[in-house]
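Enquirer: The lines below spell out each chain.
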Amino acid sequence: MYFQTDNLSVGYCGKALIKNINIGVEKGKILCLLGPNGSGKSTILKSISRHLKKIAGTVFIAKEDMNNLNSVEVAKRLSVVLTEKVAPELMTCEEVVATGRYPYTNHFGKLTDEDHRIIEESMAAVSVLDLMDNEFSHLSDGQKQRVLLARAICQQPEIIILDEPTSYLDIRHKIELLGILRKMAVNQKVTVILSLHEVDLAAKLADTIILVKDNSVYGSGCPEDVLSDTVIKKLYGIEAGSFNMLMGSVELPKTCQTEPKVFVFGGDGYGTRCYRALHKRGISFCTGVLYHNDVDYQVAMSLARQTIFEKSFRPISDVIYEQACKAMLNCKVIIDTGFDLDGVTNRNRQLLELAYNTNKPILSLRKQPQKTKANIQYFNDIGSMISCEKLMLESGEKISISMCS
Amino acid sequence: MESIKKTLYLNKSKLGKIARYQCIYIVLIIALLAAVIVSVNSGTVDLSVSEIFKIIVLKAQEGSVESNVIWKIRLPRLIAAGVLGGALSVAGFLLQTFFRNPIAGPYVLGISSGAKMFVAFTMIVLMNYVNVLPPGVIMLAAFIGSLISMGFVILAARKVKDMAMLLVVGVMIGYICAAFTDLFVNFAQERDIANLTNWSMGSFSGIGWADIRLITIVVFISLAAVMMLSKPIGAYQLGEGYAKSMGINIRVFRILIVLFSSLLSATVTAFAGPIAFVGIAIPQVTKMLMNTSKPIIIIPTTFLTGAVFCVFCDLLARTMFAPIELSIGTVTAFFGAPFVIWLLLSRKK
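Residue numbers (the working numbering), protein chains in the order written: chain A, 1 to 405; chain B, 1001 to 1349.
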């Protein structure tokens, strides 16, 4: 391990909050701390970066005990992006980035041509070169964060520690920032240790994940192995709603517990948008018949009152089909999201034809109309479908709203 | 091609900056010279420029009234105003950086008042034993007083993060010190009171060559030391966390800044009494003029600006209502206070 802590205990004022932390990361890899607010992620990071005095244990960089390094030697190996707000007066971005050269310059901080080259390179790496002469305090939060990252890069460290670097960033800047970190890790073999709030991004960025909860290390390892829906739920104490690790998506808690009045034909990913739209309105629904490997299945499991599904790669069995028929006939409105009708033994098609003959109102999002019948209404988009009268009346939204509120 | 363009652009902006600095320095030096010439030239005894030149450079007419006026009164006063004005501005700059507060200064934070209190205390106690206190003792007393006030302000700064609140605390500490000073004065003998009130009004008059020697030694050594600290000061402007991550020993650094800012403002208070607003306004003006807060540039420039400002203010104090002399604090407040109000209002935006 390039970076390793050995029975590290961290805390404030000599009192240990988290004890016996043993985490390690190889050179050029990314280690990410995940955990709810106040779990102690920052405390760990601050202790590693020596902003906080560690209570006990040792931190090794390249097999060397960090206690044996003086502050300048540490500064040459390790740089930080902190959460604290920085508001220097009349400092240009270039000057802010240039402070990263501090451990390398002479007593008066004279910048050599080499230093200037490194400053420019660092700014170019996070694409803030054009902000060079702008005053730092006039920048947006996203720009500031990137300039501070440039400052950290400019310090030419072997390890960069970032405490919640994505906090103030919009999605584009989040992706860019994490992309830069990934690139640095791969190309320059910089080791990155950071804390994040975005579980989905962490899973995509990190090589190793450390889960921190209630001031203890809750779990660690490769994110692909460690992170699962249940682990996330437990880690953050999510009781309502859900987080789907596979999809990297969050679903809000169910708003309605009434018997389903709407049956949705899902499948091929057409169902998801419809499920979410119904879910937001508090309309209880059931859906089927989905295959276990369908993307719609993941969301349906979180949102639908009842999901009728068949195991992957086999025809829909009679038992499941009967179950779907029953569920559909119990509903007042049927939504056809436009699944694939092909196949001779397509039982969903069979089910849809059955629905056509029931005279129940059918709201269809299908691009190529199948049949013209009084009870079938076609829509171009979910927005108009979801607010149509039939759905309002038949789904008993009035009832469901009054019951749920 | 693009890289060439970039370097050209870079050089251009850098050249622009250097030209700006040079212009400002030339203007400041001209202003200082003008202030010096007018200062030496004005007063109750009228002298021509050539006479002054002869007296100062050629040491002509030694022992005459004219020579004495120039050598014993006007020159020491002028030098004191310049050096102490500069010292005050540098102290202000250090405090502003230290507290991360653009409106900090030795006067508003109560540091000058602390120095004054302790000097008054020392004077009253020691005047029972000796007639004249050596300048070194007064300075030491002022230094201790400054450190006491500074200690309280630092304690307060740990609790209050709001910069306006910190100033309120500073002003209150100033009032407490003033109350103690009054208390001491009540116990003083009449002869001492005259001495004390004259001094505490704030004036560059009555500073002799022996004082000047001490002042210049202390101020220029501190100035040199502060210049040596300009690199960590620059890093500290990014905040303590980042400064630490760049390898600065924060504890030592903070102690040094406290010591030097107290020493500089104590020197001023010891010899000229508390002088208001120079410490806040001049570093700010300098930063605006130079359009940077880089310590290596700001420290010497603010010293020069402070010197020019105080020489001018002293000139006004002497001549505006001659033969009545105003206290230097009156004049600096007249210019400084409105500037600080403007600074406060413009920051609210």
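Warning: the hint list may mix true and false statements.
[Unchecked claim] Taking CB as the label site, the calculated pair distances span:
| # | chain 1 | residue 1 | chain 2 | residue 2 | range |
| --- | --- | --- | --- | --- | --- |
| 1 | B | G1016 | A | I171 | 36 to 44 Å |
| 2 | A | A87 | B | V1045 | 35 to 43 Å |
| 3 | B | M1172 | A | I171 | 23 to 31 Å |
| 4 | B | S1346 | A | T83 | 57 to 65 Å |
| 5 | A | P253 | B | K1159 | 37 to 45 Å |
| 6 | A | K27 | B | A1019 | 44 to 52 Å |
[Claimed, not checked] Only pairs whose alpha carbons sit at most 30 Å apart, straight line, appear in this in silico DSBU-like list of lysine-lysine:
| # | chain 1 | residue 1 | chain 2 | residue 2 |
| --- | --- | --- | --- | --- |
| 7 | A | K53 | B | K1159 |
| 8 | B | K1161 | A | K85 |
| 9 | A | K85 | B | K1294 |
| 10 | B | K1294 | A | K110 |
| 11 | A | K29 | A | K19 |
[Claimed, not checked] In silico negatives: residues of chain A with every beta carbon more than 12 Å from chain B:
| # | residue |
| --- | --- |
| 12 | F108 |
| 13 | N187 |
| 14 | K233 |
| 15 | G241 |
| 16 | R281 |
| 17 | L341 |
| 18 | E353 |
| 19 | N357 |
| 20 | I376 |
To be clear, the hints were calculated from the coordinates, so they are not data collected in a lab.
By construction, the Cβ of each residue, glycine as well, lies at the ideal position given by its N, Cα and C atoms.
Enquirer: Each hint: holds or not?
Expert: Evaluation of the provided hints:
no. : hint                         : in the structure
1   : B:G1016 - A:I171: 36 to 44 Å : 38 Å, holds
2   : A:A87 - B:V1045: 35 to 43 Å  : 53 Å, violated
3   : B:M1172 - A:I171: 23 to 31 Å : 48 Å, violated
4   : B:S1346 - A:T83: 57 to 65 Å  : 29 Å, violated
5   : A:P253 - B:K1159: 37 to 45 Å : 42 Å, holds
6   : A:K27 - B:A1019: 44 to 52 Å  : 47 Å, holds
7   : A:K53 - B:K1159              : 21 Å, holds
8   : B:K1161 - A:K85              : 13 Å, holds
9   : A:K85 - B:K1294              : 20 Å, holds
10  : B:K1294 - A:K110             : 12 Å, holds
11  : A:K29 - A:K19                : 24 Å, holds
12  : F108                         : 6 Å, violated
13  : N187                         : 20 Å, holds
14  : K233                         : 34 Å, holds
15  : G241                         : 35 Å, holds
16  : R281                         : 44 Å, holds
17  : L341                         : 56 Å, holds
18  : E353                         : 65 Å, holds
19  : N357                         : 70 Å, holds
20  : I376                         : 61 Å, holds
In summary, the numbered hints that this structure violates are 2, 3, 4, 12.
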